[in-house]
Amino acid sequence: MFSHTCPIFLHNYITSMAKITYITHDNQNHTIDVQNGLTVMEGAVQNDIPGIDADCGGGMACATCHVYVNNEWFDKLPTKEDGEEDMLDMAFEPKKNSRLSCQIIVSDELDGLIVNIPSKQG
Amino acid sequence: MKKTDALIIGAGPTGLFTAHQLKLIGLDCEIVDNLDKVGGQCAELYPDKPIYDIPAVPECTGGELTNNLLNQIKPFNIKFHLNERVDEVKKDGDNWVVKTNNGTTFLTPNVIIAGGVGSFEPRKFPVKDCEKFENQSVFYSIKDKKIFEGKTVSIFGGGDSALDWAVELSKNSKVNLIHRRDDFRGAQATVNKAKQLAKEGKINIFTKYQMTAIKGEKNLESIDITGDDKKVKTLKTDYALGFFGLIMQLGPIANWGLNIDKKTVEVDTEKFETNQKGIYAVGDICNYPGKLKLILSGFHEGALAARACFKLARPNEKYRFEFTTSSKTIKDRLGVKSD
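In the order they appear, the protein sequences are chains A and B.
Just so you know, the working numbering puts 28 at position 28 of the first sequence, and the rest follows in order with no gaps.
Plus 122 on top of the position in the second sequence (first one is 1) and you've got the working numbering.
The hints are simulated quantities; they were obtained by calculation from the structure and are not laboratory data.
As the structure is a computational prediction, the values presented were derived from the model and not from experiment.
Warning: the hint list may mix true and false statements.
A few chain A residues that face chain B, going by a derived Cβ cut-off under 7 Å, partial list only [what the hints assert, rightly or not]:
| id | residue |
| --- | --- |
| 1 | 37 |
| 2 | 55 |
| 3 | 57 |
| 4 | 61 |
| 5 | 86 |
| 6 | 90 |
| 7 | 92 |
| 8 | 93 |
| 9 | 94 |
Note that CB positions come from ideal geometry on N, CA and C, so glycine has one too.
Can you build the whole structure from these sequences, using the hints too?
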């Protein structure tokens with residue numbers, strides 16, 4: 001049984017992806033399949049989407065992976081930790097729908113997520 | 123012009139340990155850093171956050187790590203140049219001439235860039251016109267608080283710097299404190315103090331507001347702040363101060379003829395040398411296949427770059443590998459007694 005199910009499990013695990021759309025400041029849409037478990041920041045960095053610097057590498061210490069989450073999606077995301085709101089104080093032009101993309105973990109539930117990347121990170 | 127065997131740019135953990143390695147093998151070095159303190163990101167971004175992946179140190183904060191590294195290099199009396207940013211690196215025969223923004227000049231065969239993600243610069247107001255007033259009526263740090271006496275000062279931010287200055291300047295100035303949300307992240311005691319002063323009418327606090335315009339001909343006259351509810355208020359003000367923390371900028375490193383990709387410098391994994399002979403990059407700023415942005419990787423990279431420096435600094439000598447446990451020469455350098 002195990003030898004039969006294991007490869008299938010592995011297969012699903014490797015290929016479980018969610019479509020994430022990144023809209024850059026110049027209104028270019030980039031829709032990418034991002035592997036579940038990665039962060040929205042990692043999806044952008046690994047696919048060379050411009051505008052997300054992520055200087056601290058995902059440590060919630062720099063606010064340079066700041067994105068605006070499409071309003072339809074904002075409330076569907078897990079809520080922010082305290083530290084994230086503090087870091088957003090530092091972000092360039094924070095708004096009500098601001099998030100740090102390193103704190104958004106991709107899952108099936110986020111398939112179709114749309115985020116806008118600000119004109120600058122600092 | 124200061125002559126040294128190696129110049130290290132960046133006093134973060136990697137820069138500090140690289141200095142240790144250089145001194146251990148008998149080379150001198152000096153360190154330049156743009157910040158006013160050593161420790162780099164450890165001191166600036168997470169002095170109080172615990173780190174769990176330093177080998178043989180189960181847990182320590184960024185501040186503790188910095189202090190331990192400073193203790194480790196204490197025997198060597200290394201010269202630091204803080205508050206200075208390296209602006210220029212130029213070839214001069216077998217040496218590099220390195221100039222800082224303060225005019226300090228170094229002549230060295232080896233330049234080791236341990237610059238993290240670049241130099242820390244203050245984050246600025248998003249409003250473009252603020253540039254026009256910068257260093258006259260728009261500031262991101264305060265050098266002389268006397269200039270604000272009797273004036274109206276609008277302070278932006280929600281952390282300790284914003285709160286501390288709001289409290290301090292309220293003694294002799296009319297202070298507006300503007301923050302993008304209701305919660306302040308500064309120390310609770312200072313938050314309480316600022317709120318108390320607001321009750322007494324000594325500070326005007328505007329929360330859920332951000333600056334959207336800045337106006338004035340020669341001098342700053344007023345700013346517009348816009349609330350979450352889109353309502354705009356115009357505040358007459360003589361000064362605007364922004365305290366949004368620091369951001370890392372690659373800065374002048376981009377102009378030194380190095381191969382740069384995504385804000386990192388390409389190096390080999392033998393000497394951690396860049397495409398320029400005698401310029402090395404170690405720590406977060408370097409890039410090679412398999413690079414991990416961990417402090418421990420920076421230590422390894424610095425140790426190897428230091429050995430590479432030996433060849434250029436002492437071309438007529440042969441580097442001999444020695445252990446700290448057994449080498450009398452090393453113990454002498456450390457100032458410890460040999461058995």
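Each hint, compared with the structure:
no. : hint : in the structure
1   : 37   : 19 Å, violated
2   : 55   : 4 Å, holds
3   : 57   : 5 Å, holds
4   : 61   : 4 Å, holds
5   : 86   : 4 Å, holds
6   : 90   : 4 Å, holds
7   : 92   : 6 Å, holds
8   : 93   : 5 Å, holds
9   : 94   : 6 Å, holds
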